[in-house]
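Keeping the supplied structure of chain U fixed, place chain S upon it in accordance with the hints.
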Amino acid sequence: MPHLHDEKIKELEEKANQARQLLIEELVEAGSGHTAGPLGMADVFTAFYFHILNHDPKNPEWEERDRLILSNGHICPIRYVLMAMSGYFPVEELKTLRKFGSRLQGHPEREKLPGVETTSGPLGSGLGQSCGIAYGARMDGKKFRTYCFMSDGEHDAGNIWESALFAGKNKLSNLTGLIDRNNIQIDGMTENIMPLEPLKEKYEAFGWHVLEINGHNFEEITDAVEQAKSIYEKPTVIISHNIPGKGISEIEFDYLWHGKPPKPEEGKKFLEELRTLGGKIQSEHQ
Amino acid sequence: MNNSTAKLIENILDKEKMEMKPTRDGYGLGLVEAGEKDERVVVLCADLTESTRSLGFAEKFPERFIELGVAEQNMATVAAGLANYGKIPFVSSYAVFSPGRNNEQIRTTISLNNLPVKIGGMHAGISVGPDGATHQALEDVALMRVQPNMVVLVPCDSVEAQKATFAAAFNGKPTYLRFGREKSPVFTTKETPFEIGKALVLRDPSTGSGRLPDAAIVGCGILLYNALVAAEELSKEGIECSVINSHTIKPLDEKTIIEAAKKCGAVVSVEEHQIAGGLGSAIAECLARNYPVPQEFIGVHDRFGESGNPDELIEHFGMGISSIKEAVKKAISRKTPR
Chain U
1 MPHLHDEKIK ELEEKANQAR QLLIEELVEA GSGHTAGPLG MADVFTAFYF
51 HILNHDPKNP EWEERDRLIL SNGHICPIRY VLMAMSGYFP VEELKTLRKF
101 GSRLQGHPER EKLPGVETTS GPLGSGLGQS CGIAYGARMD GKKFRTYCFM
151 SDGEHDAGNI WESALFAGKN KLSNLTGLID RNNIQIDGMT ENIMPLEPLK
201 EKYEAFGWHV LEINGHNFEE ITDAVEQAKS IYEKPTVIIS HNIPGKGISE
251 IEFDYLWHGK PPKPEEGKKF LEELRTLGGK IQSEHQ
Chain S
1001 MNNSTAKLIE NILDKEKMEM KPTRDGYGLG LVEAGEKDER VVVLCADLTE
1051 STRSLGFAEK FPERFIELGV AEQNMATVAA GLANYGKIPF VSSYAVFSPG
1101 RNNEQIRTTI SLNNLPVKIG GMHAGISVGP DGATHQALED VALMRVQPNM
1151 VVLVPCDSVE AQKATFAAAF NGKPTYLRFG REKSPVFTTK ETPFEIGKAL
1201 VLRDPSTGSG RLPDAAIVGC GILLYNALVA AEELSKEGIE CSVINSHTIK
1251 PLDEKTIIEA AKKCGAVVSV EEHQIAGGLG SAIAECLARN YPVPQEFIGV
1301 HDRFGESGNP DELIEHFGMG ISSIKEAVKK AISRKTPR
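So the sequence lines, in the order shown, correspond to chains U and S.
Following the numbering used here, the numbering of the first sequence begins with 1 at its first residue and continues without gaps.
Following the numbering used here, the numbering of the second sequence begins with 1001 at its first residue and continues without gaps.
Worth flagging that the hints you see were computed from the coordinates, not collected in a lab.
Here the structure is a predicted model, which means the values were calculated and not measured.
Where is the CB? At the ideal position from N, CA and C, for every residue including glycine.
Certain hints may be false.
[What the hints assert, rightly or not] The calculated BS3-like cross-link candidates involving lysine-lysine, where the alpha carbons are at most 27 Å apart (straight line), are: (1) K1021(S) with K142(U); (2) K10(U) with K229(U); (3) K142(U) with K1173(S).
[Said to hold, decoys possible] Not close to chain U: a few residues of chain S, all C-beta gaps over 12 Å, as computed: (4) E1033; (5) L1044; (6) S1051; (7) G1086; (8) G1100; (9) R1107; (10) I1196; (11) S1209; (12) R1211; (13) L1287; (14) P1292; (15) V1293; (16) D1311.
Bound-form chain U, shown alone:
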């Protein structure tokens, strides 16, 4: 992974903006699905698909590929967008999200769509699967890395902590976790529903190296991933502080947008905000 330079950062920012637009269109068309989480993780996904991952969209089963496991499967619409943008399947196919016969299931399915790596949705089981992949790869001396994206809310689940213990015990340094720390879950704010803090100290106590980043800063995202590669004695988890709904001012931080899609008229308004960068550009769309 080459070091980020200004031009690359600008390119990633443009890609992320484009991804958010495709996401809004995808969700409006689907008529159901999640909005806040996917918007919040748009920058992280863009950094991974267009800069960090060692992958081949035309050969999703390539043995040496980095594995990106999405544990909180409900934010899959943004993964689908980045997969389409990087060439796994035609962008047009995004319009089939959640529809009968589609490869883009409401929650991602490994058997349906090559490249999603695992079936997920029921929370808490992605880290364990990532541990299994990383453990098996290390047995065989494989060099690829395994990344596991998790939500903060799913850290209520015991399975996550069982897996965190396992990764710490086995010093799975080829595994990097990334927590979408946006502080919301379906019923409200995470610290009201079931407090997770101090999250950093919890992971450290479980034997992990912990990094905290602003998940909307491409330099911080890539630097953290690079640093994780240099930690040989421990697995690393990146607590990515993200703004739910990021990019659409009126829904940012609003947990009520966790699990609903924009209505068509809302979608139009949101797209306008994205296309004009919040009114900074007087474009032809206005």
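The following block gives chain S in isolation, referenced to the frame of chain U:
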């Protein structure tokens, strides 16, 4: 009377000379055999290495043995990851915990992912004995057979258990294997045929005599021995039964079971499991669609188990030899005169 192609031991009624071993012993031997054949085989265990008989594998292949502590949910998901990567993982625990406690993890990360994880559930059935209801898995087969992609195997003795374990390693599918804790008769031999999905006729009264049997007993697991003894005793009373080993509950060998129903006109299912959702249910589902005949169910009737000696529990819960004989007579009595 016993089917010669089944190659059972010489005298199944000679209790004195009968070798007694728990089916979990066969699991342990099968793991080592599979591990020797293929380096992809790995074994995971949740703090029950000796009692799940995973110890032999752990000692022989320490680098391929993974200890997870008391964490069956994690064990299922780690195994799914290992299989996703390309390993052939066996997860060993007690059936009440795996596939009991970790059922959703198995559903999402193993069955729906369609990954070749092998789930070894020990201490299944009432014959667990003194440990009591908490540790007597009576619903594990039901949990597993309703999951698409999952293969379900219930071997009848330690010899068959070893064959089933070895075969499961290489079937390429999610697979549940059920084993018992207590010593039970070893009545099959190395020469007894075993093929996943193919039921085996152990006893066929029509061989030689040409007389059609009065009923078919279709069973799985350690109670098949009781079924064979019951059939022998019934024969002395003039009632002839065929006995079929349906070690594969899913995919069920429908052809063999339909043939038996046509030939015998009455069926008794025998299993150490709740009658809801187990082998008996699978048979009833098959025959209702294809060739309905009277069926009686030997198994646990919607109750939890309790502490006791295995033999007395099997008697008390209506799965002993006398109960099987009664069930056969009842099934025959319900036949419509043809």
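Okay, which hints does this one fail, numbers in order? 1, 5, 7 and 9
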